[in-house]
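Trainee: So the chains spell out like this:
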Amino acid sequence: MRLKSAPILLLITGQLLYAQGQVKNTKDTILSQQLDEVIVTATRTERQLSSLPLPVTLVDRKQIITSGTVRLNEILNEQTGIITVTDESGFQGVQIQGIASDYILILIDGVPLVGRSAGNFDLSRLTVGNIKQIEVVKGPASSLYGSEALGGVINIITEKPTTKELIGNASYRIGSYTQQDINLDLKQGFKKFRYGFFVNRFSSNGYDLNEDVEGQTVNPFTNYTLNGRVYYDFNDKLSLFTSGRFYDQNQDAGFTLNDIQYEGDTKEREWNAHTRLDHKWTPNLTMSYELYYTNYLAKELLADPISTDVLSDSDFDQKLFRPEIRGSYTFAQNNNENIGLQNGTLTAGAGLQVDELDRTYFDETINFTSQYVYAQYDFNPLEKLNVIAGARFDNHSEYNNQFSPKLALRYQLNENLAIKGSVGYGFKAPDFRQLYFDFTNSAVGYTVLGYNVALDKLQELEEQRQILNVVVSEDDLSKPLEAESSVGYNLGFNLKHGRGTTDVNFFRNDFKNLIDTRIIASKTNGQNVFSYMNFDEIYTTGFEINSDYKLTDHLNISAGYQLLFAFDKQNKQDVKDNQVFVRDAENGQSVALAQSAYFGLVNRSRHNANFKVYYDIPSANTHINMRVLYRSKYAQYDTNGNGLIDSFDTSFIDGFVTVNAAVSKTFYSDFTLQVGANNLLDYTDNNIPTMPGIQGYVKLNYQF
Amino acid sequence: MTKNILTVVFLAVAFASCSNDDDSTPLDPVQAETISNLYAPQTGGQGQPVGGEFAKFDFETGAITTSETDWDIAFRGSTIAINGGVKTGTADEPERNGNVGVAEVTGTLASVTTADGLTFKQDADAAFAIATGSDNGWYNYAGSPTHLITPIPGKVFVFRTTTGNYAKVELISYYEDAPAEPDILTDATPYYTFNYIYNPNEGETSFE
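So the protein lines, in turn, are chains A and B.
Residue numbering for the first sequence is 1 to 704, as defined by the UniProt record's numbering.
Residue numbering for the second sequence is 1 to 208, as defined by the UniProt record's numbering.
A couple of the hints might just be wrong.
EDC-like, lysine to aspartate or glutamate: derived pairs with alpha carbons at most 20 Å apart [claimed, not checked]:
hint	chain 1	residue 1	chain 2	residue 2
1	A	Lys-633	A	Asp-616
2	A	Lys-523	B	Asp-135
3	A	Lys-523	B	Asp-92
4	B	Lys-121	B	Glu-104
5	A	Lys-523	B	Asp-125
6	A	Lys-237	A	Asp-278
7	A	Lys-523	A	Glu-474
8	A	Lys-569	A	Asp-516
9	A	Lys-457	A	Asp-475
10	A	Lys-192	A	Asp-233
11	A	Lys-523	B	Glu-202
12	A	Lys-572	B	Asp-135
13	A	Lys-299	A	Asp-358
14	A	Lys-319	A	Glu-356
Ranges between beta-carbon positions, derived for each pair [unchecked claim]:
hint	chain 1	residue 1	chain 2	residue 2	range
15	A	Asp-309	B	Thr-163	52 to 58 Å
16	B	Gly-117	A	Asn-587	26 to 32 Å
17	A	Leu-257	B	Ser-67	40 to 46 Å
18	B	Gly-51	A	Glu-214	28 to 34 Å
19	B	Pro-41	A	Glu-474	37 to 43 Å
20	B	Glu-202	A	Asn-258	50 to 56 Å
21	A	Glu-211	B	Pro-41	29 to 35 Å
Derived by calculation from the structure, the hints in this document are not laboratory data.
None of the values given here were measured: they were computed from a predicted structure.
Glycine included, each C-beta is placed from N, C-alpha and C at the ideal position.
Next up, chain A with everything else stripped away, as it sits in the complex (with noise of 0.2 Å):
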């Protein structure tokens, strides 16, 4: 598959790589590599990897499948520098650069993902069984996506049917915890006509990890995605996409709680609809007209099923529409004339975004709508300099308009090194929560008011008598919210040697604007309203290394690792200023915190580590994937009372190790059985509520 889809690659590259003036190595080996290497998050166009200016990490199909991986989250764990962690809302997320979930956008095929909890997006809900490969940019990329690019983008990138034979696979797997996982994947090509169709069905019956704690930890759970896509080239100049996307999942929440077993279920369901017409107008000239729309749907319902009471009913229906249209020109007009300011390739779009969100704790349905128009210039002013600078423009009907530039530079010192450096602009529109909640804790009596409410809500409060003393003025409620930013940089190098390559990267990331919760007034009964504010300033800074090498033509390692430091401005300061005390642990009384103690952000390791093995055995048509990670410790939340993360604090996990590993072997030509185990060390934490112990699993695919 891979030797046919090549020439249409080379097809593909060909009218899009202009102006590169790379050194190319000629060797056919390493040119077939790169031409699979192509990815389009980066800059909209398609681009060798090695050429970008960029820290860009590549999931290819191969690392997916003989990792024996079947959910997004668990491959992108294992990565360099990404890390999928639970947060203190009880969520899990992925970190990149040491930023939140909150902060990085995913994309299936170009087009953003909605559909978050408390700002995590859950990458367990998509499925890797129809994944071509997996994009990942590091760094603010704002200038071409908007908001919510700030650490990073993750962009999923789907199987294109490329042959005229019906081909696919349908595969079954089954592990520990009677987990299930069934794929169908068919694709065909005619003349004019291809189209794709996927399915899959994951389920589990999920575990506990605490006996003392009645319920699992993990309840029992049944999920489908289903994924149909149909490409019609009208003519050579023309061409059609067009993909729907369903997800539907159905867990069980029943739990207990003061000796009531509350019954009911989480139902999550998505919607992606996605048509993209691609217009070549001249050789050096693309444009795509593209419209997209998804709904994400989440309902919760538990009640006590003798008497009936219900004890939570949430409902939450966030719909996203976008249309966009788009274009790429190539000024170059042959390869030997691709050097110079004149010979560059602009990319230029604009769109409108529509977003809407119904839920409990809301008023009413909330509709977002921002306008927006990029432009990015890709050339290269010298054989060995390219230079990528661009810019986003984005009015949004909450927030303030948003500018967003960024500027990228690559530079091939030789033929084996090359240093790469950026800086850009990132930002977050405040979310619908932060502006429009509306939530008083039943249990406690606090309430929560999103910003854009907050005055009238709390003017309802009083009217009711509930309010004891407001302690913000009206003007602190009255200027909007601004939008939270950050400025990154990155700095890095490419070396190939011998048979192995070796990438370096400089972070840091500076944030403003963060929003977090304030109080606003107190109440009658103790406790207090909070609304939201732009108040943090943070920043990530650290460096990651990556190493590959080809020991021989059959044993391929790699090792990456990353170190990274997460600071809240102003706490640092206070800690210098002998502003923030611990208790002694053996009288009680406060001590001011030493510099050395206070030990940054939540959920953030200071340490992370991997190191891979792919062993190959052609004679056997075998071949074994092992990966083994390593996560220094790291605190969860702040348990002494000084508001951050000191090292008196008891909530850390200690650092620990996971053993990954698959072994695949194919017979008979087109089956392959797979048998592995996950999490080979047995490592357990009652805080890691996502990791469950070893995890054995034995997959049968058929390829057809």
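Given chain A, put chain B in place with the hints provided.
Mentor: The following block gives chain B in isolation, referenced to the frame of chain A:
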């Protein structure tokens, strides 16, 4: 003032051997005390109206009192009232008939050496001088999963008492026997443990 000097003063107090020979009018030494497990239950809460008698405390005697007038501060649940100002309006609260005031200072207990220059607040209609709620008055409420109430470290309360004396207080714990790592499932509340330094000389603002 450095901590070393303070340590010497404390030692002197502890051994009760200081005679203040060099002072022309000898003053009584400041008193360092620890009150453990002051029990201050409330009724209601968890969405229900709160009520119940406050547990009143008098710095002069260093003990709990039922006196209607000779008390300085009073506890109920996580709420602290002072005998100064007016009633806040909560159920079952005591009459305010003294002139107690409270000032909040950030620092260690030892670092607060005088009550001079502080601004004292009093209870008011609908507002306790020591504000209620998490991260607002004297404690932090951790929320899920620990649900712990922890006195904010580095927060010192300086009181002007009914008798016109001054005391500085550091709250240590809200849990019975002040465990270093309390657990809401096994450790009972509300049991206040606090340290204080009391100057027995009326009107004297020094804590040394």
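Trainee: All hints, please: hold or fail.
Mentor: Structure-based check of each hint:
no., hint, result
1, Lys-633/A x Asp-616/A, "violated, 34 Å"
2, Lys-523/A x Asp-135/B, "holds, 14 Å"
3, Lys-523/A x Asp-92/B, "holds, 18 Å"
4, Lys-121/B x Glu-104/B, "holds, 9 Å"
5, Lys-523/A x Asp-125/B, "holds, 13 Å"
6, Lys-237/A x Asp-278/A, "holds, 8 Å"
7, Lys-523/A x Glu-474/A, "holds, 17 Å"
8, Lys-569/A x Asp-516/A, "holds, 15 Å"
9, Lys-457/A x Asp-475/A, "holds, 16 Å"
10, Lys-192/A x Asp-233/A, "holds, 5 Å"
11, Lys-523/A x Glu-202/B, "violated, 37 Å"
12, Lys-572/A x Asp-135/B, "holds, 19 Å"
13, Lys-299/A x Asp-358/A, "holds, 12 Å"
14, Lys-319/A x Glu-356/A, "holds, 5 Å"
15, Asp-309/A x Thr-163/B: 52 to 58 Å, "holds, 54 Å"
16, Gly-117/B x Asn-587/A: 26 to 32 Å, "holds, 28 Å"
17, Leu-257/A x Ser-67/B: 40 to 46 Å, "holds, 43 Å"
18, Gly-51/B x Glu-214/A: 28 to 34 Å, "holds, 33 Å"
19, Pro-41/B x Glu-474/A: 37 to 43 Å, "holds, 39 Å"
20, Glu-202/B x Asn-258/A: 50 to 56 Å, "holds, 52 Å"
21, Glu-211/A x Pro-41/B: 29 to 35 Å, "holds, 34 Å"
The structure fails to meet hints 1 and 11 from the earlier list, while all remaining hints are met.
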